[in-house]
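Student: Sequence:
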Amino acid sequence: MMTTAEILKRVRRIEIKTRGLSNHIFSGEYHSAFKGRGMSFSEVREYSPGDDVRAIDWNVTARFSTPFVKVFEEERELTVMLLVDVSSSSLFGTSRQRKRDLITEIAAVLSFSATTNNDKVGVIFFSDKIEKYIPPKKGKSHILRIIREMLTLEPSEEKGTDIGECLRFFNNASKKRTIAFLLSDFISAPYEEPLKLTARRHDLVGVQVYDKADKELPDAGLIQVQDSETRELQWLDTSDKKVRLQYAEAFVQHQKYGVNAFRKTGAELIAVRTDDDYVKILQGFFINR
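Taking our numbering, I'd label the letters of the sequence shown as residues 1469 to 1757.
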C-alpha cells in the first residue's frame, strides 16, 4: 500500500511526463483526429447553387416558399470517456512495467490532450463489474483526480474481466455521442454484441495493452503458474515445444477475436505491448485517422 506522499509523488511524475507529451506532441493530432466529428445545428439560410440538397430544411422551405438549408458547425466541446480495465490481469507485467502502469500513462495522455482542447473527461473503472464511475468534467484538478484513482483503485476482490458489462453501463450512462477509449488486455468473455451497440452510438477506440509473456512462454523448464483472475494454480513444462506452441496459439486466437469484433462493428483497435514505444503508436494512430 502506497503512502499519501508516494501517491502524490507518482501523480506528479505522471503529470509532468504525460502533460508534456500532450502539449508538445499529441494536442494537434488529437484535435485533427476528433474535432469536427461532432456537428451541431447552427442556423438556416437561403439555398445557394452548389449547396448539398440533403441539407434542405423542408419545413422552413414550405413556410417561405423558397429553399432554405440547415447550417451545421463543429461542436466546441466534446466528451471523452475512458473505459479502464482494473481487473487482476492488468497487474501483470514482465518488462519495464505492468499493464496497469501503461494503461495509466496512456489514459493520462488522452486526458490531458482532451482537456487542452477544452473537452470533458470521465472514467469508468471495471473488472467483471463496474468498480467506479467518475462523471465527465473539465479541468486539471479533475484529471489529477483521475490519475490518482488509476494508481490506487483496486478491485474489491480478485476479479476477472467483463468488457460487455462495462459497455452496457457506458451505453446507459452516456446518451450523447461520446469519444470512448476502451483500455484493456481484452482477456474477457465474448463482448461483440454490446461492442456493436456502443460503436453505433459513439466514436469508439479500443487500446489493447498486453505483455510479451501473454504471447509466448519462455523456455524455463517445469514452472508453477497462477491465473491472476481465477487464482488457479497449474504446473507447466515450458521446455516442451508443444506446450509453448499451444500457449502462443491461444493468444493468437484471443487476439483474432478482438480484431474481428472491432472490424465488424466499424470501431478501431490498436495494440500496445508493455515494452513498446506507445508515443509513436498513439501518434501514428492520430495522424492516420
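Careful, some of the hints might be misleading.
[Claimed, not checked] Taking lysine to aspartate or glutamate and the EDC-like style, the derived pairs with C-alpha atoms no more than 20 Å apart in a straight line are:
(1) 1588 to 1633
(2) 1597 to 1545
(3) 1485 to 1569
(4) 1709 to 1687
(5) 1643 to 1617
(6) 1683 to 1717
(7) 1680 to 1573
(8) 1606 to 1633
(9) 1724 to 1700
(10) 1606 to 1545
(11) 1683 to 1671
(12) 1608 to 1573
(13) 1683 to 1569
(14) 1485 to 1617
(15) 1683 to 1661
(16) 1680 to 1660
(17) 1538 to 1519
(18) 1477 to 1497
(19) 1600 to 1633
(20) 1683 to 1617
(21) 1477 to 1633
(22) 1732 to 1745
(23) 1748 to 1687
(24) 1664 to 1617
(25) 1644 to 1679
(26) 1597 to 1660
(27) 1608 to 1519
(28) 1608 to 1661
(29) 1606 to 1660
(30) 1644 to 1545
Because the hints were derived from the structure by calculation, they are not lab data.
Student: Each hint needs a verdict: does it hold in this structure or not?
Tutor: Evaluated hints:
Proposed proximity of residue 1588 and residue 1633 is contradicted: the alpha carbons are some 23 Å apart, above 20 Å. Distance hint between residue 1597 and residue 1545 is unfulfilled; the C-alpha atoms sit about 30 Å from each other, more than 20 Å. About 13 Å separates the Cα atoms of residue 1485 and residue 1569, which keeps this hinted pair within 20 Å; it holds. Of the supplied pair hints, the one linking residue 1709 and residue 1687 holds, its CA atoms being roughly 9 Å apart against a limit of 20 Å.
A C-alpha spacing of about 25 Å is found between residue 1643 and residue 1617, which places the hinted pair above 20 Å, so the restraint is violated. For the suggested pair residue 1683 and residue 1717, the alpha carbons sit about 8 Å apart, so the restraint of at most 20 Å is met. Taking the CA atoms of residue 1680 and residue 1573, the gap is near 18 Å; set against the 20 Å cutoff, the hint holds. Restraint check for residue 1606 and residue 1633: the C-alpha separation of about 26 Å exceeds 20 Å, so the hint is violated.
At most 20 Å may separate the alpha-carbon atoms for a hinted pair to count; residue 1724 and residue 1700 exceed this at roughly 25 Å. For the proposed pair residue 1606 and residue 1545, the alpha carbon gap of about 10 Å is at most 20 Å, so the pair holds. As the CA atoms of residue 1683 and residue 1671 are separated by approximately 29 Å, the hinted pair breaks the 20 Å bound. This hinted pair checks out: residue 1608 and residue 1573 have alpha carbons roughly 16 Å apart, not beyond 20 Å.
Distance check on the hinted pair: residue 1683 and residue 1569 sit about 19 Å apart at the alpha-carbon level, within 20 Å; holds. With a C-alpha separation of about 18 Å, the suggested pair residue 1485 and residue 1617 falls inside the 20 Å cut-off, and the hint holds. Proposed proximity of residue 1683 and residue 1661 is contradicted: the alpha carbons are some 26 Å apart, above 20 Å. Straight-line distance between C-alpha atoms of residue 1680 and residue 1660 comes to about 25 Å, which puts the hinted pair past the 20 Å bound.
For the hint pairing residue 1538 with residue 1519, the CA-to-CA distance comes to about 10 Å; that is within 20 Å, so the pair holds. As the CA atoms of residue 1477 and residue 1497 are separated by approximately 29 Å, the hinted pair breaks the 20 Å bound. In summary, the hint linking residue 1600 to residue 1633 is supported, as the alpha carbons are separated by about 13 Å, within the 20 Å threshold. With a C-alpha separation of about 29 Å, the suggested pair residue 1683 and residue 1617 falls outside the 20 Å cut-off, and the hint is violated.
Taking the CA atoms of residue 1477 and residue 1633, the gap is near 33 Å; set against the 20 Å cutoff, the hint is violated. For the given pair, residue 1732 sits about 28 Å from residue 1745 by alpha-carbon distance, which is inconsistent with the 20 Å threshold. Among the hinted pairs, residue 1748 with residue 1687 is inconsistent with the structure: their alpha-carbon atoms are about 31 Å apart, more than 20 Å. Restraint check for residue 1664 and residue 1617: the C-alpha separation of about 29 Å exceeds 20 Å, so the hint is violated.
In summary, the hint linking residue 1644 to residue 1679 is not supported, as the alpha carbons are separated by about 34 Å, beyond the 20 Å threshold. Proximity of residue 1597 to residue 1660 is assessed by CA-CA distance (about 17 Å); at most 20 Å being required, the pair is judged to hold. A distance of roughly 42 Å separates the Cα atoms of residue 1608 and residue 1519; the hinted pair therefore is violated under the 20 Å criterion. Note on residue 1608 and residue 1661: the hinted pairing is violated, with a Cα-Cα distance of about 35 Å set against a maximum of 20 Å.
A distance of roughly 31 Å separates the Cα atoms of residue 1606 and residue 1660; the hinted pair therefore is violated under the 20 Å criterion. Annotation: proposed proximity of residue 1644 to residue 1545 holds, straight-line Cα distance about 12 Å (limit 20 Å).
Of the numbered hints listed earlier, those contradicted by the structure are 1, 2, 5, 8, 9, 11, 15, 16, 18, 20, 21, 22, 23, 24, 25, 27, 28 and 29.
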